[in-house]
Structures are given as structure tokens and as C-alpha cells.
Amino acid sequence: MMMNYSKRVVGLIILLGWVASCDVEQELFSDLRQETVLTSDDPDVIAVLAASAYSPIVGTWGGHNSLWSLHEISSDEMAITQKGADWEDGGQWIRVHRHQYLPTEEAVLNGWNYCYSAIGTVNNLLVTFGENEFVKAELEALRALIYWWLLDAYGNVPIITEETTSSSPPTNTRQEVFNFVESSLVNNLDLLSTDLTFGRVNFYVAQTILAKLYLNAEVYTGTPRWQDAVDACQEVIDGGLYSLEPVFFSNFATRNNGSMENIFVLNYDEDNAQGFNLGQMTLHYASQQTYGLQEQPWNGYSSLEDFYNSFDENDVRINSFLEGQQFALDGSILIDDSAEPADPDGPPVNFTPFITELTPNALRQEGVRVGKFEFAIGAGANLSNSFPIFRYADVLLMKAEALWRMNNGDTEALALVNEIRSRANMPGFDNLTAARLLAERGREFFAEGHRRTDLIRFGRFNDAWWGKPNASSTTKNIFPIPDFQIQVNTNLQQNDGY
Amino acid sequence: MKKILLLIITAVFCAGASLHAQERTVSGQVTDAGDGMPIPGVNVVETGTSNGTITDIDGRFTLSVGANATLAFSYIGYVKQDVAVGTRTSINVSLAPDLTQLSEVVVVGYGTQERKEITSAVASISEENFNRGNVTDPGQLIQGKVAGLSIVRPGGDPNAGFSIRLRGLSTFGANTQPLIVLDGVVGASLDNVDPNDIETIDILKDASAAAIYGTRGSSGVILVTTKSGKMGVPTSSLEYNGFVTFDQVANRMQVLNAEQYVANGGTDFGSQTDWFEELTRPAIGHTHNLAMSGSSQNTSYRVSLNYRDNQGVVEGVDNQRINTRLSVNHRALDGKLRLSVNAAFNNRNQNAINNEAFRYATIYNPTAPVFEPEGPSRYGGFFQRDLFDFFNPVALAQQQSFQQERKSLLTSFRADYDILDNLVIAVSYSQDRNTGMNAGYWSKFDPARGFGGGGIANRTAYNNLNELMEATLNWSFEPMDKLDATLLVGGAVQRNHNDEFGVEVRQFLFDDLGFDGLQFGAIREGANTFAFSNRLKDVLNSGFARLNLNYDNTYFFSASARYEEYSGFGPENRGGFFPAASFGVDITQLADLGPFDNLKFRASFGVTGNLPPNPLLGIARFGTGNRIDLDGDPLTRNDIFVEPRQLNDPNPTLQWETKTEYNIGFDYSVFNGRITGSMDYYTRNIDNLLFGVSLPAGAPNPFSADAPNNVAGFAWANIGELQNAGFEFLANVNGLQFGQINWTPSLNFTIYQRTQLKTLQVGDLGFSEIRLSTPGSPGQNNNQIIRNREGENIGNMYGPELAGIDENGLYVFRGADGTLSGDPGSPEDWGVIGNGLPTWEFGFNNTFQYKNWDLNFFIRGTFGHDLYNSYRGFYENRDPASNTWNSVVTSLTNPNIVSTPTFSDFYVEDASFVRFDNASIGYNFNVLNSKVFSRVRAYGAVQNLWTITNYTGVDPEVRYTDTVLEDGFQTGLAPGLERRSTFFTVTQLTFGVNASFK
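Just so you know, the sequences run in chain order A and B.
Following the numbering used here, the numbering of the first sequence begins with 98 at its first residue and continues without gaps.
Following the numbering used here, the numbering of the second sequence begins with 78 at its first residue and continues without gaps.
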């Protein structure tokens, strides 16, 4: 009997020993571990990592349904009209245009995630590069840019740095975020490069962000900072690195990397850095034949007639729109066989400034399209044009506006505005008014994502306009905190009015 | 095929031999009283002596007997019969099947048990009860046969797989499908076995039965046992089964014809085309199965060869499969050592089209011609127009082609050794290897994708290996009088290896080579190209034990436990423990219950787990991001690198999802086994649910201070709790006699309590709802129609309520406060307008026998589920878009509606249905005297003959998953959408023959 039991026991021990001997450590084959990436001393790896901090902000800015879409569609320069069933999309774009946005809007969440995902990446790199004061300064200035976007769009947001430990960081006030952006920039100015950089934050980019911050300080904090805005602009001007491109559209060409006017760009590339989809977003389905595009466009974004009409026909910038009859590459007229019976132009595709209605039955060919950026022949869904976030023209107009705010008769302000108008082949103004300044900025920066901020600063964002029959509440001047984020972080506070 | 048929027919007529009786001995044949088939292996013993024999393969026996002998005929599964010989020299005996089925052996985890000892919810379906017809997938064999087990394949795509769901949704994760155990190989793929080779399928329904499989048992376990040679009786057999199947379209959407379309304001291109006719064809398939088996005293083998060739009802859709299976069993050392080797090789090639062709066949302009009337165009001669979402379906089906080749090899080795009479050690090793190559080509003339890319081609190859080593000890003992005990102890190591790589290139000068000439693709980077490789390996170690007790065949008890460690969990939480216990009592042993000859009450409890969808969720991983040119100069190429980008936010605390299930039930048998069956009530609670959770974007990782800040804004976590319950009923009526007609009906039904979401919170994280599934373009892109909310059922559809139509043909919606308006209102005000999960199902099987004829038909029904009819939701209204797309016409169509289509309850339909699922009629030829055949049966079968439903879409079948949702781990949360790419349903007619050779 003993013998029997011992056999069983031996059998069991062998069995269990064999099971226990197998290693259950998880191996990783096709991705890299955190240690491998963040602790490398290979100079190429370090250089690539530092540059990779900019990849998240290249991200979804130039695509549909994120922050840029919110800025543009909530302003008076663009709309996504509902063309029958097409582009109804749950009513999001109608609500955004009418300032009825909800905390559950996808774009509101996407814009937020776009910014904070980039902040997470920068913070992780700050842990890695914290010892390198130059890289650290650049990363902190880059993070300030993103916080300026958040400050502008969402107002009251949590400040998360590499030193934050709470996994549910609480909301900070708009004033606190303002101070954080300001100090992040000011404290690092001495350490930032004063060389020309391309798509990287240098001293002048930081000054431009400061100029933006001060120009809008009254909106953000209630306290105007006009002279600070002038000073920051002056730093950029005095640097002498940047100048107005003689040809306005060279700033938006497929190969716009040589532009001396673009101070900071998102360096899109059809292969290396994808995400700029403007051609898909604005062009008509049939426009695929106009540019030999790889994919059929979506026929979504168009400009408003009133905004189009704010351009003089001699203004070179009116070519920021695609208007009129459209042609294929071979010169034949583009045909839309499904043109609505109500369309006076019939099947030949003709982009008209007039749009019947925002919803539900705008006609497919109505609305002038965004033609400011070159669409390369044979382009794919992702364009290679770099997207200018800050241009020298903006610095000049910001300085002009800040001077004018302090003194409506300021002659330098007038001269700066007229310098911009002159490049556009337009005669100079003899004096400046709020309406003129706002309209000039509108013509200059159409589709560059500035319009909403400018309208708010000039107190016009809440006006009624085409497709938005009613004035909106000033609580709509910041977007709601995304519902989904409040669900996962109970320390977040919803903005007033939502 | 023709030759084989000819051979069979010739043989039937030529065969003929008579039996020559011998003197002084008794001989005869033993047949089944039910179907008249001979029974081999029957024990024939002269009572009171040790003199005996067994019947041969034809059921015949010869035995020398003494005077006044009585012969006892016995065989498992039949009622024993004693026959006095008297003066006869020839005795033919018909054995009646033992209806009480008490001796039925049921396969359970790591062994078998007698049916009477089973104390958990286990269903067993054997070959004679399988579904008939062109059954191409093992799951299809038992579709509708088991209460609580749903097996569906919406639409008629012969390449599509079946969704299997046991007892409703019990997890969100990857493993919503039950675990498959194929001849003991845990986690094998059902693709590795041909339906013809399956002997029985056992389903472990409750957690007490499945708990022995620990982490992977949560969605139930399906044990598949293949046929093998029967040892001990010298036999040899050769069987052929072949059939031809004809498919035709059963159901599709009805649309306007060309004249109606133009009259309705549609753009007139001047032709008349029936796009359904152009796209579809009658399809033919044929299947051949040849199986040979044999045995001697100590060795048995079975080899089978299966060939299947099936076409879809659209040109370009087909598959061919060859499946070879070998099984060898051997006994040595006086039977103390038993060895078995199984090997199955499966080769499957399939071709597919873009299923969106079904959508375009439905909505494409009926006045458009198939080809451009004026000769070649830039789209390869096909008529195309540059409109949104407007592609010639015939061109689409021809200009995009997809090919899959898969080879699988399953080998398993097992040795059992009797250390003592009552102590058996078993060790086994198996390899389940799947390798394959997928390829796709989008012609340079295909406007839907290939044209823009100048022709796009790809290939991906994969190589998966699932390795399993197992050892068990099985000890049977009798600790006290009348108490039988069996103790099982075991351990297992399982390793999964997955490798894949793929390449896509574009821009071809010639259109001819497709994916066979990737080197002709000029552009290899950027959009519409890729190159990647991926390798994955995980390890699962287990130890397990089970104790079964049987006291006097009256009280039964079983307890099991499994401990596992999985590499894919967080280091602190790698181990999991899964206990189970169950109890049963046969009340008829304690008291006389009148007509009941068996009434067993069962109660059980068990815990099972679920693995995460991917073993890498606990590790912070850096994958590929943008490419960075360090100096910004595209001319210098030695400084371009792919940046590492953080892919995920890791959760190193990730652990098992656990399901706790209680089951009570009865097994009953009344009127001497005339009616048998069971009923079960279960309730299950799933907590630590594995699911992806959004994290505060950019904030520190909530699970680990060492992990990087949240970048993906999303991590997998053990979050939330689910609950569901159900009632299952089964009744089999055995052998009702009406004259010479024998009728065997079987009915099962299930009532489901839909799965409820209790919470979705873990600590500070969580959310109150998960919204999923937008209907799509045009115009329904941002409206997620399914909301899974805390405290509500999974899969609730939310939308506005349509009150009616105004005089202008515009929608009138009823708002939350009851007001009527044309505005669908804010999404936040909408209510529940449907749910895609069923509330009850039934299956009703009938077998009739009359002389040599057999007839079987099977009806099943599913009730209570809703479907969003996407075709109606997009293309029914006479809105401005109906000048581009054809309009569907259904019994619900109101031609006055001119509103822009908007999702509402109007398009969510009750999809309850009753389907005449399959039927077969067969004739057994009388071949008793044939020299060639021991059995010949010819049969015809039909599948999906008719469906009764009020649903107006393509197929009212339940959509357990959303085919469009790309995230496979959320798709189970989005039931109830009939997408526009649904393959038309088909009716299948099958004609075949089964023949057994001598």
C-alpha cells in the first residue's frame, strides 16, 4: 500500500514540478519597450525622440472632426452644409455652426484628446530629457503652445506637467492656465534657439505665442496686455529672420518649406507625417478628376457667401476660394450626374457662393471651396503642404491691432495693415476701424484656424450670421469639456452654460 | 463524380449473394430494431457458460451451442435480449435501442462520465442528430439543436464563419465564442475538422462544467470528438459520402425597376439593367468524403479524406477544401499502455469579392448599362460615373479580388498507462498549426479604390502555432461501501505563437499580374502601401484537479479546481483560481414517482475566467510613428528614421475576468424512456470585466507610477460587472409509432434574460455608457445608435420616435415631452427604440422512419430581437438623393416620404422569425445480399426553404456582432445592425449518396 501511494505522490510531484518550471514572463518581439526607447544614448535616437515631440500636434489638426474643424465651422467663414442625407452626421456640424454644441460632440472630444495626447508625449519626453536644459526649454515651449490652444478653445483645463502625480488632475482656472503658458515661455526664452528652425519651436515662435496670448489676454483673463503684445511682436520683427513672401500663395504650396514667412508650421508629408486632409474635406466628389486625386473627395466644407463677398475681386487672396465652373485634368467640364433637379447649373459642376440653406437640402455644388492650399496633381488623401500655424503676416497684423487698441490713430498700425494689403494688390486704408481690422484678418487668415479667436476678441462671435439665425450666448465662447473626459476624471469641472 | 456514381449504381444491381447456413451451429444477424442496420460488435453469449462470440461488421455471428441453449445478445446502447435457440439453426435478432439512455457516455473536460452521473448542464449531440444538407462548418451541425446555444451566419456567404454564442453575451472581450476542445486539444480551431469526421459534440454549458478549463471557459466549452476506429473487434470498413448542392438567391431587397425609377425622378442613363441578375448566378457545390477504418485486437485506425468545393451565388466567391484526417490507436503491455496519434491536414483556398457589391446591386441606377456604350473608358470599359458612393456592382465584383489560402496541421499524441488497475497516468502533446496567405488586388480600373492608387496589391502571410503539453493522473477508488470516487489531477502548459508579415504596393503599369506581381508596383511607401511584420507569443500554465463521487447511483457530487498563470497579465496578478462544485440526486432512487423512471435534480456553481484580447496590454509598448528626416533635406537619405511612438497606456495590474454561474436543473425520463429531456435555469454574474477604458488624456497612468503618462488615452482594465440569466428546456420523444411510421420529435427552447450592464466603474475610472455603431455614409456618420448604459441591457438602440408624416411628406417626430415637430431633437433626449438580442429561441427537430425511408426536418425560431434595416434607413425615402440611388421597396415603404433619411424607430424592426432550416429525405437500399455494399442510402436535402418574419430586410437572423466595427473587442456590444453589405441569403438543394462497402 505504501508503495502505491508513493508512486502516486511521485507522479504528482513530477507533474507539478514540470508545470511550475515554465516561465510565464511576457515577451515582446515586434514593438519596443519603454526602457529601450527612453534610455538610449544613441545620438540618432535622441535626435529622433526630440523631434518626435512634434508628431502628436501634426496629428489631427489638418483632418476632419477635430480642433481645426471646430474653429472653422463655429466661425462665420465656413460651414459644412447638409446636402440631403449627405453630411447630416447626427447633426453635429449644424449644431457647431449654430453654437449649439454639446459636451458629447465627437469633435469636442477629438480636439481635447489631440491636445492632451500631445501633452502626455511631451511630458514623457521631459522626464527623459529633463537634464538637457536646451531640449527641456524647447519641450516646455512646445507644451505652452498646446496649452494656449486649450486655453483658447476650452478655457478651464487641468494643467498636467511631468511632475503631476494625480491620475485625475483637477481643472485649473483660465487665469491659471494663462499664467502657466506665459511663465513656460518667458522662463525659457533665453534657452531657445534664435536660428531659423523648421517646424520646431525657437525663440521667435515662443514670442509669437506670447503675442497671441497677450493680444487675447482680455478675453482670457479680463485684463488687456496690448503693450506686451506689441513687444513680443517687435522681438520677432527685430530678429530679422522672417519676411513677407512676395507671392501670398507660396506660403500654402505643396512645397512651402522654403517660405520665409512661415514662422511655425505643422510639417505634414503625404508619406512621413500624414493627417492633412483638406482636399478630401472640401472638394466635390467629381473634383477627383480635376487633380487626379487618389481618392474621391467628400464634398463637405465650403465657405459662406457673405464671407466670400468680403474679398474684393482684385484681392489676390480671393484665390483662396475655388469658385465657378470646374474642369477635369484633360480640360473637359466636370459633370455631376446626380445634380439635384433644383440646381440651376445642372450636371456641370459649378461652385457658387450662394447656398440655398444650411440644412437639410443644400445643393451639392453650392458653396465656394477652400482653395488656399495647393492640391498637388495625383495627391492622396494626405497632403504634403506644411500647415502654417504662425506667419509673419500675423505678427505684423497683431502688432498693428495692439497698437490700434491703445491708440486708434496709430500711424504705424495703419502702415502695417497697408503693408499686408499691398501684397494682396489692394489699396491702403486711410484709417483703421475694428471692422476693417477684423475683415483684413479674415481675408488674410481664411482657413488657417484663427477666425473663431479673432471673432471672439472683436466681440462678434455671438452674432447671428448665415445658417446661424440666432445670436449665441457668450458661454459658447469656450467649448464644453468633453463629457467622456468628465466621466473618467471626476475632478474635471464642466464649463458654465453646458 | 460521374464515374463514382456509375460505379455505385452498377454495384447495387450486380451485388447478390446468399448465406449458406451451416449444420450444428447457430448463426444469424443482429440488426437495429430502429433502422434495420446491422450492428457489429454485439456480444453473443450462451447463458450460463463462457461460450460466446461477437458479431462481425455485417452484424453476423456463428456459434456452436449445446442443447437447450439460450443466447444473450448485448451491446452498449441497446436493450439486452435473451433468445432460446430451440431447434433453430438460424436466429436473426433485432435489438431495440435503450431509450432510457442511462448508459450514455458524455464527454466532459479531461474524461468521460456516464450521463446519469452528470451534475452540471451538459448537452450532447451525436451524429444521427446533426443537421442535414450541405453542412460546411462543424458549428452548423448543431445549429438550433441545443437550448441556449446560438449559432448564426447571417446572409449566404459561403466563406463567412459562424458566430457561436452560448447562454447570451457573457463578456465583452475577444472570447465571446466558446472554447473549442477538439479530441482533447484545448483551443483548437473548428476549421481543422471536417463536419463529416465528427462523431459527437458535447457542450459544457454551465460554469461548474467549464471551470476545469479555467480562464477560457467563460463563454462555454464545446468538446468535439472525431470518429475513430473501434478497437477490440476485427473490423474493416470503407464509406463514401458524396453530394451535389445547388444554391440560389433566397432573399434580397426589392427595388424600383428602370421605368419606376425614372418616373420617380431618377437620373436616366437610357438603359435597363437588373443589377441583381447581372451580379448573381446559380451556384453549384460538390462534396466527397471517403473514410476507411479498421481494427485488430490491439490496433485501430481511421483515415478520411474530405473534398469540398463550394461556390457563392456571385462570380468570384468560392472555396475549395481538402481535409485529411488520420487516427491510430494502439494497445500494448496487455492493454496497460494505450497510445493514440491523430493528425489532420486541412487545406482551404477561398476567393472573395468586396461584399459592398451587394449594396450597389441594390441601389445602383437601374437605367445605367453595365458597360459604357461608347467603348473603352478609363474604368476598364465599365459604366461608371464620378458620383459619391456610386460604383458599378459588376465592375466592383470583378475589379477587386481577394484570395485566402490556409493550411492547418493538427497533430496530437497521447499515451495512457495503468500504473495500477485504478490509477492511470496520461500524457499528451499537441500542435495546432495554421499557416496561410491572404492576398488582395484592386485593379487600376477600379474607381472604388484601385484607380486612385494606380492599382493596389497586397499579400500577408501568417503562421500560428498553438502548442499544448498535458499530463493527468486519474485515480478511481471506493472510500466506503456504495461510494465510488474518481480523482483527477493534472497539469498543462500551453504556448501560442503568432507570426505574420505583409506588404502592399501600388501603381502598376499592367493590370494583369495583380498580387502575383508585387514587384511591378512602383510606389512602395505612403498611402495605400504597407510593410510590416509582427510576432506574438504567450504562455499559459495550469494545474487542475477534480473529484467525482457517486453514492449508490443516487447521490452525485463533483468538485473541481483549476489554477492558472498567464503571461499576458500584470506581474502581480498573473495567477487565477477557478473552483466549481455540483451536486445531483436521482429522486427516483428514493421514491416511486409514478411514470418517472429517472428524475435527477442538479445544482451547480462554478467560476470561470476570460483572457484579455491581447497578451501585451500590461506592457508599455512603442510602435511606429511618423518618419523623421533629421536634417529636413529629402536628398540626404541616411538620416531618415521611423520614430518610436507610444502605442498604448499599459495596465500592469490587469487580471482575469471572472464569471460566477449558478445552475439548477432537472434531467427527466418518463414512460420507460419514451420522453426524456432536461430543464435548466442559470444565472451568471461577470465581474472584473475586461474592457478598454478611456483615461484622462495626458494625465499620469492610473495603474502604475512607473508607466509613462497617458498618450493613447485608453487602457484595458478590469472594469464593470454584467449579469444575465436564462431558462432552457429540452424534450425528446423517442420512437412514436404510427403503424409503420416511426416519429421522433425533439423540442428545445430557451428564454433569455438579456445581459445587463451593472456597472462600468473601477475606482475613479469608468463611464456611464458606451456608444457604438454609426450607420455610415451618407449622412449618418456621427450618430452612434447603440448605447450600453449602466443599469440597462447590452445593445439598447437609442433614437428619435417617428410619430408620422406631415402633408408635405416630411417626418414628424415625437419629442421627449410629447410635442410633435420635424426636428428629431437632441440625441440626449432620445429613448430606447430597440435591442438586437433575442429573448427566446426554439428548435424543433423531427425524424420519421417508414420502411426504408427516412425523413428529417428541422424548424427553428428566434424571437424578440430587433434589427436596424439599413437599406430602408438610407434608401427608402423619395428624397433628393433618390435621383442618384435606387429606392428599396418593402411592405413598410411609404412612397410619400420625401424627408432626408434620418435614423429613427421607423427603421428599427422586430426581426422575430421562424425558419424552415433544413430537411432531408433518404432511402436505404436493400443491400443485405450485396457482395459490395453493406449500406447504400440516397438522399436529398434542402436548407433555408422558407422563413416567416415581419422583418423587411435581407436576413432576420440575429446580428450578435457588428461587421463594420473594426474594434473586435467592442463588436459584441453592438448587436442588431443589418449592414448594407449583407450577402443575399440562399436556398440550398442537396442530392447525395452514402455508401458503405464490404
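Hints listed in this document are in silico derivations from the structure and should not be mistaken for laboratory results.
Among these hints, one or two may not hold up.
[As the list claims (entries may be wrong)] Taking lysine to aspartate or glutamate and the DMTMM-like style, the derived pairs with C-alpha atoms no more than 25 Å apart in a straight line are:
hint, chain 1, residue 1, chain 2, residue 2
1, A, LYS565, A, ASP403
2, A, LYS573, A, GLU454
3, A, LYS573, B, ASP135
4, B, LYS304, B, ASP135
5, A, LYS233, B, ASP783
6, B, LYS835, A, ASP442
7, A, LYS233, A, ASP292
8, A, LYS565, B, ASP900
9, A, LYS565, B, GLU905
10, A, LYS233, B, ASP135
11, B, LYS614, A, ASP120
12, B, LYS614, A, GLU454
13, A, LYS573, B, GLU905
14, B, LYS614, A, ASP292
15, A, LYS233, A, GLU273
16, B, LYS614, A, GLU132
17, A, LYS233, B, ASP708
18, A, LYS565, B, ASP135
19, B, LYS614, A, GLU273
20, A, LYS573, B, ASP716
Evaluated hints:
{"no.": "1", "hint": "A/LYS565 <-> A/ASP403", "verdict": "holds (13 Å)"}
{"no.": "2", "hint": "A/LYS573 <-> A/GLU454", "verdict": "holds (23 Å)"}
{"no.": "3", "hint": "A/LYS573 <-> B/ASP135", "verdict": "violated (88 Å)"}
{"no.": "4", "hint": "B/LYS304 <-> B/ASP135", "verdict": "holds (19 Å)"}
{"no.": "5", "hint": "A/LYS233 <-> B/ASP783", "verdict": "holds (21 Å)"}
{"no.": "6", "hint": "B/LYS835 <-> A/ASP442", "verdict": "violated (57 Å)"}
{"no.": "7", "hint": "A/LYS233 <-> A/ASP292", "verdict": "holds (17 Å)"}
{"no.": "8", "hint": "A/LYS565 <-> B/ASP900", "verdict": "holds (16 Å)"}
{"no.": "9", "hint": "A/LYS565 <-> B/GLU905", "verdict": "holds (21 Å)"}
{"no.": "10", "hint": "A/LYS233 <-> B/ASP135", "verdict": "violated (88 Å)"}
{"no.": "11", "hint": "B/LYS614 <-> A/ASP120", "verdict": "holds (12 Å)"}
{"no.": "12", "hint": "B/LYS614 <-> A/GLU454", "verdict": "violated (57 Å)"}
{"no.": "13", "hint": "A/LYS573 <-> B/GLU905", "verdict": "holds (19 Å)"}
{"no.": "14", "hint": "B/LYS614 <-> A/ASP292", "verdict": "violated (48 Å)"}
{"no.": "15", "hint": "A/LYS233 <-> A/GLU273", "verdict": "holds (21 Å)"}
{"no.": "16", "hint": "B/LYS614 <-> A/GLU132", "verdict": "holds (20 Å)"}
{"no.": "17", "hint": "A/LYS233 <-> B/ASP708", "verdict": "holds (20 Å)"}
{"no.": "18", "hint": "A/LYS565 <-> B/ASP135", "verdict": "violated (88 Å)"}
{"no.": "19", "hint": "B/LYS614 <-> A/GLU273", "verdict": "violated (48 Å)"}
{"no.": "20", "hint": "A/LYS573 <-> B/ASP716", "verdict": "violated (47 Å)"}
Of the numbered hints stated above, those contradicted by the structure are hints 3, 6, 10, 12, 14, 18, 19, 20, listed in ascending order.
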